[in-house]
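Student: Line by line, the protein sequences are chains A and B. Numbering follows our numbering, with no gaps: position 102 of the first sequence is 102. Just so we're on the same page, our numbering is the position in the second sequence counted from 1, plus 297.
A hint or two may mislead.
Chain B stretches covered by chain A per the calculated footprint, using a threshold of three residues with CB under 8 Å from any CB of chain A [unchecked claim]:
1. 351-357
2. 388-395
3. 400-411
4. 458-472
5. 499-510
Rather than coming from a laboratory, the hints here were simulated on the basis of the structure. All C-beta atoms in this analysis are idealised placements derived from N, C-alpha and C, irrespective of residue type, glycine included.
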Amino acid sequence: MNFDRAVRRKLFSHGMTVLSGLAIVVILVPLASVIYTAVVLGSSSLSYGFFTQPLPVPCTPHLGVSCPTGGVAPALEGTLILIGLSSLFSVPLGVGAAIFSVEYGGERAGARIIGLVADVLSGVPSIVAGVFVYILILYYDPAIVFSTLSGSLALALIMVPIVTRTSEEALRTIPQSVREAALALGISRWKTSVRIVLVGALPGILTGILLSIARSAGEAAPLLLVLGNGCPHPFEGIYQEGCALSLWIYLGATSPDQNWIALAWGAALLLVALVLGLSLVTRLVLNRMARRWKGSE
Amino acid sequence: MALNSVKMDIQNLTAYYGANRAIQEINLGILDRKVTAIIGPSGCGKSTLIRCLNRLHETNVKARVEGSVFLDGEDLYQLDATLVRRRVGMVFQRPNPFATMTIYNNVSAPLRFNRRVSREEMDATVLRSLKQAALWDEVKDRIDAPATSLSGGQQQRLCIARALAANPEVLLMDEPCSALDPIATAKIEELIAQLKKDYTLVIVTHNMQQAARVADYTAFLYLGKLIEFSPTEDLFERPKETLTESYITGRFG
Chain A
1 MNFDRAVRRK
11 LFSHGMTVLS
21 GLAIVVILVP
31 LASVIYTAVV
41 LGSSSLSYGF
51 FTQPLPVPCT
61 PHLGVSCPTG
71 GVAPALEGTL
81 ILIGLSSLFS
91 VPLGVGAAIF
101 SVEYGGERAG
111 ARIIGLVADV
121 LSGVPSIVAG
131 VFVYILILYY
141 DPAIVFSTLS
151 GSLALALIMV
161 PIVTRTSEEA
171 LRTIPQSVRE
181 AALALGISRW
191 KTSVRIVLVG
201 ALPGILTGIL
211 LSIARSAGEA
221 APLLLVLGNG
231 CPHPFEGIYQ
241 EGCALSLWIY
251 LGATSPDQNW
261 IALAWGAALL
271 LVALVLGLSL
281 VTRLVLNRMA
291 RRWKGSE
Chain B
298 MALNSVKMDI
308 QNLTAYYGAN
318 RAIQEINLGI
328 LDRKVTAIIG
338 PSGCGKSTLI
348 RCLNRLHETN
358 VKARVEGSVF
368 LDGEDLYQLD
378 ATLVRRRVGM
388 VFQRPNPFAT
398 MTIYNNVSAP
408 LRFNRRVSRE
418 EMDATVLRSL
428 KQAALWDEVK
438 DRIDAPATSL
448 SGGQQQRLCI
458 ARALAANPEV
468 LLMDEPCSAL
478 DPIATAKIEE
488 LIAQLKKDYT
498 LVIVTHNMQQ
508 AARVADYTAF
518 LYLGKLIEFS
528 PTEDLFERPK
538 ETLTESYITG
548 RFG
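So here's chain A without its partners, still in its complex pose (with noise of 0.2 Å):
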């Protein structure tokens, strides 16, 4: 009797360890799936031309005169000055107010209201951002309806929710007694939230930050609406048509021409890079900190 449940018992265990080690793998598949077509298929069109050239126009060979090849370099452009703007609108923001709602909500509205709207704010489709600030900037200015500002306040849309929430987290990491300690030296409230406590709840906020511009880079649906077609290379300027990865993967995937196609697919490669390549940056200074921090330097 007790040894039949104790096989029992070891059997259920080791089946479950199967089980969750099969979960791990049905997740991997995709991922590795993904990383491993984008770069079969991408890496054939990567080359010095691809990051500096302007988009190709769409042509068709005819009479032995070849189509040239083009690159993505508005896109690839485009894409970093819409991550750095849209971080620019949206992380004060974001930090601003998980700091008001951590350090100086308590229990007050106001910080239950934020936490609400965030809430609510991340369930928006991103598409319904895009219309949101294509209305907006039509009432401030229909000439820059379509334009990289347009394109960075939709996108910073949809990273507010991300990184107050996840700043938020990251704030209520640190442990009251730090809190205390410091405000017990005469430290000022708003010294003791912004020089102690977001200090050490950094890295938790840089990752909130990092996953916020690693799903607006990804974003295509509302750069559909707002940023405009045009590809202009060079850049130019905020209250210009602009021109994204993601967008031009789109553009790119869904057009006939085959030059195009393949750009397509080198610019999803650069994306997913782009976005790993953050992510392991990130990741490098954080363990860094963290290894400071603890002490075993």
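With chain A held as given, fit chain B onto it using these hints.
Tutor: For chain B alone, kept in the frame of chain A given last:
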């Protein structure tokens, strides 16, 4: 200020935590450059009482305080809380050095964050504070090591050094040894005896032997009320109240 004068005068102090009245109508005079211990069973309001003395109690959103605490005749509750905390320092139950900072930066924190100081002044303050906290000899070769690389007892002395760097007049200690081993505890107790030459000390402890060893005066709190306040020797040897007597003889608590 003459010796034996009242440094902190607590008058009709009542403190709430939510609907719960943690301490009520405490009247107590804390003498200048003496060690005053606050003893009593768990939950009697010891910690709440000393957290009212540097206005830390009110940082909790549910907390409320009534009454007055005079520091050299000025009511703390009429002053700016941040400035009060620079005059009344505090050491906590668990050592809480800033984990992200080095030993040096922990001790210099009250200077760096509160005002502009020269490097020389900061060095001098860090040196003085670490020596006062009897930690200098142990850390002088690794002043830029992370604070968390120290042992628990060293961390607690680091916290004392950090509190002293703010140059307070009063130092509050909330069960400073309860997370430490007996040797580390003995070091802190020695330190308390040294520090009372320059500072007024208030120490909360659940350890009656500790109170008997370090304190000049002892206050016994029970269910949020001050039951007895006497010179330590009198309180332990000739308690006036029967409650005090039953507590110190171990009949409850």
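Student: Hint by hint, say whether it matches the structure.
Tutor: Verification of the hints:
Beta-carbon proximity to chain A at under 8 Å applies to 3 residues in the region 351-357 of chain B; the threshold of 3 is reached and the given coverage holds. Taking a C-beta to C-beta cut-off of 8 Å, the region 388-395 of chain B contributes 5 residues in contact with chain A, enough for the three needed, and the coverage statement holds. Coverage of the region 400-411 of chain B by chain A holds. Counting CB-CB distances below 8 Å, 4 residues qualify, and the rule asks for three or more. Remark: the region 458-472 of chain B is confirmed as covered by chain A, as 3 of its residues place a Cβ nearer than 8 Å to a Cβ of that chain, reaching the required three.
Coverage of a stretch by a chain is defined here by at least three residues with a beta carbon nearer than 8 Å to that chain's beta carbons; for the region 499-510 of chain B and chain A the count is 0, and the condition is violated.
Of the numbered hints stated above, the single one contradicted by the structure is hint 5.
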